[in-house]
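Trainee: Just so you know, the sequences run in chain order F and R.
Just so we're aligned, residue 0 is where the first sequence starts under numbering that gives the first Met the number 0, counting upward by one.
Just so we're aligned, residue 0 is where the second sequence starts under numbering that gives the first Met the number 0, counting upward by one.
Worth double-checking, as some hints may not be accurate.
Unchecked claim - Covered stretches of chain R (in silico footprint by chain F; criterion: 3 or more residues with CB under 8 Å from a CB of chain F, positions within the stretch not fixed):
{"id": "1", "stretch": "99 to 109"}
{"id": "2", "stretch": "122 to 136"}
{"id": "3", "stretch": "207 to 214"}
{"id": "4", "stretch": "261 to 271"}
{"id": "5", "stretch": "407 to 417"}
By construction, these hints were calculated from the structure, which means they are not laboratory data.
Ideal Cβ positions, reconstructed from N, Cα and C, are used throughout, including at glycine.
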Amino acid sequence: MERLSNLSYKNQRLLIILLFSLVPVALLLTFSYLPVFKMFQYSFTSWDGFSKKMEYVGFDNYKTIFTRPEYFTVFKVSLYYFFATFVQMGLALYFATILSFNVRLKNWFKGILFFPTLLNGVAIGFIFLFFFKPEGTLNTLLDLVGLGAWQQKWLLNPHLINISLAFASVWRYMGMNFIIFLGAISSIGSDIYEASEIDGANRWHQFRHIIIPSIKRILQLNLILAVSGAIGVFEIPYVMTGGSNGSGTFVIQTVDVAFKYSKLGLASAMAVVLLGIVILVTILQRVLIKEEK
Amino acid sequence: MKKTKAVTSLAALTLMAGLFAGCSSNNNTDNTAATNGGNTGTGTEATAAPEGDAAKDIKGNITVITQRTDIVDTVFKDYAAKFNEKYPDVKVNFEALSSYEDQIKIRMGTSDYGDVLLLPTSVAIKDLPEFFEPLGKMSDLEQQYTGLEERTVDGISYGIPVTVNFSGVIYNKQVFKDAGITEVPRTFEQFQTALQSIKDKTDAVPLYTNYAAGWTLTQWEADLATVAGDREYVNIAQVASDDNFVPGQPHYDLYKVMYDAAKNGLIEEDPTTTDWESSKADLANGKIGTMMLGSWAIGQIKGLATNPDDVGFMPFPTNADKILVPLSDDYNLGVSIHSQNKEAARAWVDWFINESGYPTTEGGGMSPVKGAELPEILKQFEGTDVTFDTLAPAKAGEEGWVDAIDKEAEIGLWQPDFKKVIIEAAIGNRKDSYDDIMKDLNDKWKAARAKITAAQ
Numbered sequence: 000m001e002r003l004s005n006l007s008y009k010n011q012r013l014l015i016i017l018l019f020s021l022v023p024v025a026l027l028l029t030f031s032y033l034p035v036f037k038m039f040q041y042s043f044t045s046w047d048g049f050s051k052k053m054e055y056v057g058f059d060n061y062k063t064i065f066t067r068p069e070y071f072t073v074f075k076v077s078l079y080y081f082f083a084t085f086v087q088m089g090l091a092l093y094f095a096t097i098l099s100f101n102v103r104l105k106n107w108f109k110g111i112l113f114f115p116t117l118l119n120g121v122a123i124g125f126i127f128l129f130f131f132k133p134e135g136t137l138n139t140l141l142d143l144v145g146l147g148a149w150q151q152k153w154l155l156n157p158h159l160i161n162i163s164l165a166f167a168s169v170w171r172y173m174g175m176n177f178i179i180f181l182g183a184i185s186s187i188g189s190d191i192y193e194a195s196e197i198d199g200a201n202r203w204h205q206f207r208h209i210i211i212p213s214i215k216r217i218l219q220l221n222l223i224l225a226v227s228g229a230i231g232v233f234e235i236p237y238v239m240t241g242g243s244n245g246s247g248t249f250v251i252q253t254v255d256v257a258f259k260y261s262k263l264g265l266a267s268a269m270a271v272v273l274l275g276i277v278i279l280v281t282i283l284q285r286v287l288i289k290e291e292k
Numbered sequence: 000m001k002k003t004k005a006v007t008s009l010a011a012l013t014l015m016a017g018l019f020a021g022c023s024s025n026n027n028t029d030n031t032a033a034t035n036g037g038n039t040g041t042g043t044e045a046t047a048a049p050e051g052d053a054a055k056d057i058k059g060n061i062t063v064i065t066q067r068t069d070i071v072d073t074v075f076k077d078y079a080a081k082f083n084e085k086y087p088d089v090k091v092n093f094e095a096l097s098s099y100e101d102q103i104k105i106r107m108g109t110s111d112y113g114d115v116l117l118l119p120t121s122v123a124i125k126d127l128p129e130f131f132e133p134l135g136k137m138s139d140l141e142q143q144y145t146g147l148e149e150r151t152v153d154g155i156s157y158g159i160p161v162t163v164n165f166s167g168v169i170y171n172k173q174v175f176k177d178a179g180i181t182e183v184p185r186t187f188e189q190f191q192t193a194l195q196s197i198k199d200k201t202d203a204v205p206l207y208t209n210y211a212a213g214w215t216l217t218q219w220e221a222d223l224a225t226v227a228g229d230r231e232y233v234n235i236a237q238v239a240s241d242d243n244f245v246p247g248q249p250h251y252d253l254y255k256v257m258y259d260a261a262k263n264g265l266i267e268e269d270p271t272t273t274d275w276e277s278s279k280a281d282l283a284n285g286k287i288g289t290m291m292l293g294s295w296a297i298g299q300i301k302g303l304a305t306n307p308d309d310v311g312f313m314p315f316p317t318n319a320d321k322i323l324v325p326l327s328d329d330y331n332l333g334v335s336i337h338s339q340n341k342e343a344a345r346a347w348v349d350w351f352i353n354e355s356g357y358p359t360t361e362g363g364g365m366s367p368v369k370g371a372e373l374p375e376i377l378k379q380f381e382g383t384d385v386t387f388d389t390l391a392p393a394k395a396g397e398e399g400w401v402d403a404i405d406k407e408a409e410i411g412l413w414q415p416d417f418k419k420v421i422i423e424a425a426i427g428n429r430k431d432s433y434d435d436i437m438k439d440l441n442d443k444w445k446a447a448r449a450k451i452t453a454a455q
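Isolated chain F (complex conformation) (with noise of 0.2 Å):
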């Protein structure tokens, strides 16, 4: 019988990592692939997400995506989260920058700003529900501090909701943000802090001249997901107002479209159309912020 030891161990070292990769490469097709290769598949059918038969419809889907343009009208509720993103990675690089010099309690810090990170999107929907109420914590608050007069409805009035919701969206997804800055943060090592502050560098300018130079790539990636991230908005306002009241985002459609009216198809077709935009706008990014190596 062919030992395996008898192998050499260029062989066996190769049969090892086969073997091992195996597994998340399995869950990689099944939990990955599949799905995106099946939703590709029902886009193009008119196929109700029940029915044991699906009918082959051609690119009818797609066609009545892009002849109807009430389906495009909600990108515009995308332009607040996109512009939330960068009061997003702002905060996100100022507590990364401020945490990773010597403060006090500064694990503390830490801690809180990353919690909501931790916290389910439910759950987040549910408390800011609470808080933006007309007797909710926010309205408390203001009236405590004597800001009285700033009372809102915050959800009910349709220039503030969607404004209201990207705040909601910002507190939940900066620790993440916040967590990957500070980890490249500290991969600058500490001799270079040291050396700039022999040749006289103050703070801002080692935040300014090392600091922003060292994670510009992590600041590109960042910008990236959270774009994307942007353009599929989904959990915040599905749970906190179900996409009524001007709130309703492309995804929210797609799930509507699917689940509320049974067309599967067409959702799917819409899912791949959204693929297809984020695509784009992360080529789009790299070709815009593209420097020179």
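Based on these hints, arrange chain R on the given structure of chain F.
Mentor: Below, chain R without anything else, positioned relative to chain F:
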């Protein structure tokens, strides 16, 4: 050293083998279940529960899926105990889903969705035979139950309603008294006046929409037949008309009530942050005047009231000649086509509907069993011009058209969306007028109706 490596890779191999073996064995059981199910499903033969002592012969383990998360560990446990007195060898397990409709839909993509479950309303009626066991010919079962026509395909019934609901306005009698309303409003005009006097004379919210919860807004649609004053309107007249949302039609009048109330400030202060759970208590205790709901809510609201007699029911306002309160099925109970213990499952269905008492107690409506007594709250209508009746089923060959047109048009008669738009427009958050919204709906209806009727 070399030996260790060989051992590791062997271990990895065994692990992998185990994984795949696990998968494939599961597949096998699934396949057999599917084929068995398929065979029984194509026949129209029903699994009937045997009579008398034969009950002792039924054995098995069944899983009952319910939407009642609130009572699954209490009342349902008692039901199971009582059920076991009659069928000692059947073990009943319960599973409660919090958002039933969404979760069961996903489960039904597999063959594992319990033995006894509620028929999701979003499954197209014609697809029911693919998922549910036939319970018998409707012409036979009809002798015993009402409300079967809603889930019947080609004369075969696939579900029995767990309770029969009636829909209308649930109101607080004390609030009405405080507002000086002595007679229950009948017409649209009287109703708006009543709401206005609640606003003027009491601290209560005249009409609570429960906008944020969403699904609560869909309860209005059930009152369509009252507005039309015709039991044939919903399933017959509506599908025959291109003008479903034009002025003078029931849909237009129905949602005008909602629009006017919102426009005149007779609804809650901030609809976007309403809370369904607390609204029940508020109605019970006089902080809310009226809510549009089904009879199923009466029990829940009374349970929260300091004085349960304050909670009243009245028909939706209408200008029709006679007042018709429509009776409609709550969820229907059926047996999964993949069930391994269909006899036991069927026994549970029959027992649950006939003997558990659920339809009138926990269900809060009327029993679907013919000849059962009317609930207490309806006795006040005996001898008045208020009639209770089921909706006329669709004409032969037109079954499910309302649903098909609705979905094709993406109107969402039973979805909250356009009701939310109406409220948003009424409180000034949108530019479109009520007539704009109705015209848009009507255009969609017309286009979709043309498509659906042409396809048949």
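Trainee: Now look at each hint and say whether the structure bears it out.
Mentor: Comparing the hints with the structure gives:
1. 99 to 109: holds (count 4)
2. 122 to 136: holds (count 5)
3. 207 to 214: Holds: 3 residues of the stretch 207 to 214 of chain R have a Cβ under 8 Å from chain F.
4. 261 to 271: holds (count 4)
5. 407 to 417: Held - the stretch 407 to 417 of chain R has 5 residues with a Cβ nearer than 8 Å to chain F, which meets the minimum of three.
Checked against the numbered hints above, the structure violates none of them.
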